[in-house]
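Visitor: Residue-level listing of the chains:
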Amino acid sequence: MPLRSDIKRVLVIGSGPIVIGQAAEFDYAGTQACKALKNAGLEVILINSNPATIMTDKAMADKIYIEPLTLEVVRRIILLEKPDSILSTLGGQTGLTLSMQLAKEGFLDAQGVKLLGANLETIEKAEDRQAFKDMMREIGEPCIPSEVVMTVEDAVKFASNIGYPVIVRPAFTLGGTGGGIAANQQELEEIATHGIRLSPIHQILVEKGIAGWKEIEFEVMRDAKGNVITVCSMENFDPVGIHTGDSIVVAPCQTLSDKEYQMLRTSALKIISALGVEGGCNCQFALNPENFNYAVIEVNPRVSRSSALASKATGYPIAKVASQIAVGYSLDEITNEVTGSTTACFEPALDYIVVKFPRWPFDKFVYAKRTLGTQMKATGEIMSIGSSFEHAMMKAVRSIELGLETLTIERLVEASDEDIMKMLAASDDERSFVVYEAIKRGVSMDTITQITRIDKWFLDKLRHLAVMEKDLKTLELTEERVRVAREIGFLDKTIEELSGQKIDEVVKTYASFKMVDTCAGEFAAQTPYFYSTRDKENEAALFIEEHPSGKERILVLGSGPIRIGQGIEFDYCSVHCAWALREKGYEAIFINNNPETVSTDFDTSDRLYFEPLTKEDVRSVVETEKPIGAIVQFGGQTAIKLTRYLEEMGVPVLGTSPANIDAAEDREVFDQLLESCQIPRPQGETVYTTDEAVDVANRLGFPVLLRPSYVLGGQNMIIAYEPEDVVEYMNIITAVELENPVLIDKYLMGKEVEVDAISDGENYLIPGIMEHIERAGVHSGDSISVYPPQTLDSRIRETIIDYTGRLVKALDIVGMVNIQYVIYEDEVYVIEVNPRSSRTVPYISKVTDIPMVNIATKMMLGDKLADLGYVPGLQPEGDYVAVKVPVFSFSKLQDVDTQLGPEMKSTGEVLGVAKTFADALYKGLVASGNKMERSGGVLLTVKDRDKEAIVEIGRQFHELGFTIYGTVGTALILNENNIPTKVVRRLAESKPNIGDLIESGKLNYVISTSSKGRMPQHDDVRMRRKSVESSIALLTSLDTAQALLDCLKSNRTMTEIELVDIKDIR
Amino acid sequence: MSYYKRDKRAWLVLSDGSVFEGYNFGCEGTTIGEIVFTTGMTGYQEVLTDPSYYGQIVLQTYPLIGNYGINADDMESERSWINGYITKEWCEEPSNFRNTHNINEFMIEQDKIGIWDVDTRAITRVIREHGTMNGAITTEDIATTKEALLEKIRAFKVVNPVQAVSRKNKGWYYSQVNRANHVALIDYGYKHNILRMLLRLGCNVTVMPANTTIDEIRNLNPDGIMLSNGPGDPAENVEIIENLKDFVKYGKPIFGICLGHQLLALAMGGETFKLKYGHRGMNQPVKDVTRDRVFITSQNHGYAVVPESIPAEVGKVTHFNLNDGTCEGVEYPDIHAFTVQFHPEASAGPNDTGYLFEQFTDLMERGQQGCL
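Heads up: the sequence lines are chains Z and L, in that order. So the first sequence is numbered by the working numbering: it starts at 742 and just counts up by one. So the second sequence is numbered by the working numbering: it starts at 17 and just counts up by one.
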């Protein structure tokens, strides 16, 4: 079937901000979808609230709305744009749920809009627990004994029938939010209460625990003709019980015989056929390791994180093919672009093994509960490709960027045997490393399997690595040993360090590369997509030889796994850099290891190397590609860290010189530089020990800001108000390796302003100045950021432009620079200079229509601003105001203090764009999930320093008619100021207390600040956690509170605010 | 990875003179065969025991072989028929509830020579570019013997493979769910799953030797004839083809798989040709023209039927390969016969075309009722 003739205008719904469970994979999917639809000659209308996405780029769609993803807004866009259909399956759970709700309420029918990909019946069958079970029964596929309940009593009743443990899964929540495993009635009551509250339809599924079964996934596709294929099978390292997003996953399945494999494959195809999905579908199975029994765990009738992984693991572009199927093409009509000669109707054959490793935010959230379960906690992931499991696993541990080169974690080496055995039982983020440590200590495979239920096959592979590690340490470094060690993934550096011996120069060779071609070499392929092995034949070199382009090659280093502080924004920049290089007639050579992103789509660059971003891994690529230069400015700290090594290898770093990159990061050099530029900065010093730190802090005067040098996203950064804070901090930071010193700065409570500038080495361009709503102290990534600034007078602006110019010149910036200022008592101070792209670049590029990365890349290649037609200096402001609002994933991270501070905590962002600041802010807040309720209850509980300021906040809530609650101190000052406030007891005090108030549903907002924080057992932290977990809007900065109040007072609603096609604003 | 067994070197020598050095597993010695690659990611035990691989040295493109061990149930014949085995690595400590021994032990038991830790992808690319070629695996140092070995490699030819793998006597099998269809399964090197599928569908099966004549069939009086898969060049089986010319006049439904498909085409006046490097794997898309559907199939063949060679008045092509357009199925309506190039019995591979067995039993039932 060719393109359906009844489809002309398609609405694509994106997935919104990055949160845990819904990340960059949907930008990858959405971008592929938009491209596929446009290629089919269709008009594309896009809505996505996330500006840091490639899919919201001008070229991707005909109309682009960066607007809140609410039913009301989508309805308005449909009325405005009159699409004839909606693609429901590319925007994650968000897109699917919105589509389903619009279909259910009859709106789509009334407007004559068709649902593509999955129709209402399909979505309901897959999403509604009961409907799903009924369908499974009909087609004879086994499910786990379970029951859908809406009350805690029913949950307990069912559990007592089937026995504990039971798993609770709330209906319609992201990444299983609110779910968990209950071992007894008490735990069940707690989890069920929580789950029922979080489910939008107040429904949970209670099911029999089958912990220990293998968890297997299949990615399957179906077209309207009924053709069905499986793209990829995946096996979880961790058995059922740990969310697949938090599990190490391998592809293809390893421990299944053909009989077991085909049994599950057939089941997956039966399911997708019964559902009638037209596109991609993910089926998750539990398989009893002792027999052929299995059960269907879950089905997602849409593209997902797993489908992004499957696409990158196989080379099969699931999202693209799914989009083509959705508009009418059948699988056999779609070309397999990898081979160019075969069709998309086949099943990829792999001749390598893929390992996915999650990246968790626990290095940042040191107090978070690290136990893994049914609630996903990872913010990102990496993928590695190898010729054996050992090989891929070694690459994986390098790629996650925890400073590891093997699976050995020093801290575990020092732990007692007893502790290791205890840790084995706890399934947390370090489980694979604990298992490795146990193996090294000779704990038997049987014992480890018994405790962890991890299949022996995996354990045995880890044992090979452990044996090699030991052999390297204890035996002579023969040529043969070096060869085998390399083959199973050890770097030369690691081999030399472990053995204490040098590898003979004669045998020093670099890795060679194999192609990912979907067909295990059966057909000649055109994919410029490679991974390293230690085999002799280097296909990448052959490929380069066979495809002479005559073009020079430039290396672009990606940003690795998505983590807090280094998110999708960097991938956005890297992709634009590659595009700019190709536009300028160079070949863009990409190295990255994040399977979720657009950058690792093999057609983004001229050649893609899926590799860890370490010195030696990059070196092998350099040896094969021989690039004339490398670009590090767009890959965040991951890429910046490699600057020195590239220089050592003789690869010129394009743009700002390595020496100047160092100058911006090295405290002392930077101080001198500021002095010579006569730019003031908050006073500060560098320290190495706790004693020094306390001394310096006392000298500077509290509060002070502490942070390690070389940081991104304010990693391990705090504001200390008293010496004890300094001591606590230094104890934590010195527990980890202290290669770089700690910086202590006087903390200035002023207004924060941020500038991204581009320089050609002589002239510089400032697309815009951004002003933060929250005063300094809240990390810039967590602040609401406004463009253009609303409160800066011309003198301040001029100063900022002037300082920016001086810094650009002093650091001899070529390309991008991000500078953060604080305005304190009418003086401008520099806080930070980052000689690289920043997370604000995507949104500023969009709202100013200045393609910043494109320009910066061209500057690095030698173009001048004037050549590109830009007038230097600050660019004129447009008619629209853009407000970037951060989005957090707190509900998924137990025990994390939600109070904002200098350490970044947000996982994503949304943008509000409107003609006025108030409307833009309103949109931004709505898009970030705020319900903007104008009546109800508000709880105020603030630290002493905020007591004065809370009075005004309280008064405004009171005037709006809110019932005000406060803890003793806060209530006292409010009541003293004639703001009637009900006193609530703290959590630690007798009931009824704050906990009961939060649970009562009477609260719409909680505003809480405290001088102490972080520790999970702290009363305020617990209260804030409870608020977040009860889905109450929580604010921890009075500046944010004031901004919210301004919106609430404005009487504006989303209904009145104009929706903006981003393509129209310039 | 059989991490500890890197003690014996082995060499793979191709007829073009290229040499790949690796390690030995299974037995030691020298073995010569036609080198083919298969792309299946599971099902190595089925590959090892599939008689169609007779005389061939099989390369697995998937690098991790032996992960789930060897078990008693997944044998596709009584023994292994390959001439040698090439893998990237093999698994010494398999993990699966059915596992009884590891693949190295199986190779030794079956007297097979294997080589591992070679660049299997590079070898696959050589075969893809140059076509199937002969080669040898040897554990004897080739420094001095290479030229002599090459001579033997180049002279190697698989002789009478069907006769070698086919059983010599009849065998009777009774179905547990008897629907009283009686099938004569002609053994050109049949995979046991063909028998299992027929039994599962309620057929009683008599397995007959490859050179069964029409008189023997008449004596047996089956309701249908199943022409099995098997090794080698179909056109060499002159006597069998002659016998088939008699079979088709007998009037009972015929279902042919793989070699059976090719042999029937030859008997009906068609031609076959050798593919450059064959189809071996479990991901081959086949279009069923009558159903307008594509099915993913399991395949293992080096020859194919020339589609235009089937006289239009006797048969029509019903299936073709979506990758290269080769003939994958023919229907002969007048003689109630249909044949497919792929393996609907799967094992290893997808079960998506199992419906063809039902098509066969339906035909036989209609025959019994006199409705053909």
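Simulated from the structure, these hints should not be mistaken for lab results. Possibly wrong hints are sitting among the right ones.
Said to hold, decoys possible - Label pairs and their calculated CB-CB ranges:
1. Z:Thr1076 - L:Tyr189: 38 to 48 angstroms
2. L:Asp89 - Z:Glu1324: 33 to 43 angstroms
3. L:Asp308 - Z:Gln852: 26 to 36 angstroms
4. L:Asp89 - Z:Ala851: 52 to 62 angstroms
5. Z:Pro886 - L:Asn185: 43 to 53 angstroms
6. L:Lys168 - Z:Lys779: 23 to 33 angstroms
Said to hold, decoys possible - Straight-line C-alpha distance at most 27 angstroms; calculated DSSO-like pairs for lysine-lysine:
7. Z:Lys1197 - Z:Lys1243
8. L:Lys162 - Z:Lys1277
9. Z:Lys1214 - L:Lys162
We put the CB at the ideal spot given by N, CA and C, even for glycine.
Visitor: Next, verify each hint and record whether it holds.
Guide: How the hints compare with the structure:
Distance hint check for Z:Thr1076 and L:Tyr189: the Cβ-Cβ separation is about 46 angstroms, which falls inside the suggested range of 38 to 48 angstroms. The supplied range of 33 to 43 angstroms is broken by L:Asp89 and Z:Glu1324, whose beta-carbon atoms lie about 59 angstroms from each other. Evaluation of the 26 to 36 angstroms hint for L:Asp308 and Z:Gln852 yields a pass: the beta carbon distance comes to about 33 angstroms. Checked against the hint of 52 to 62 angstroms, the C-beta distance between L:Asp89 and Z:Ala851 comes to roughly 58 angstroms, which is consistent with it.
A C-beta distance of roughly 51 angstroms is found between Z:Pro886 and L:Asn185, which places it inside the suggested range of 43 to 53 angstroms. Roughly 60 angstroms separates the CB atoms of L:Lys168 and Z:Lys779, a value that falls outside the hinted 23 to 33 angstroms. For the hint linking Z:Lys1197 to Z:Lys1243, the alpha-carbon distance of about 34 angstroms lies beyond 27 angstroms, and the restraint is violated. With a C-alpha separation of about 21 angstroms, the suggested pairing of L:Lys162 with Z:Lys1277 holds against the 27 angstroms cut-off.
Of the supplied pair hints, the one linking Z:Lys1214 and L:Lys162 is violated, its CA atoms being roughly 39 angstroms apart against a limit of 27 angstroms.
Hints 2, 6, 7, 9, counting from the list given before, are not met by this structure.
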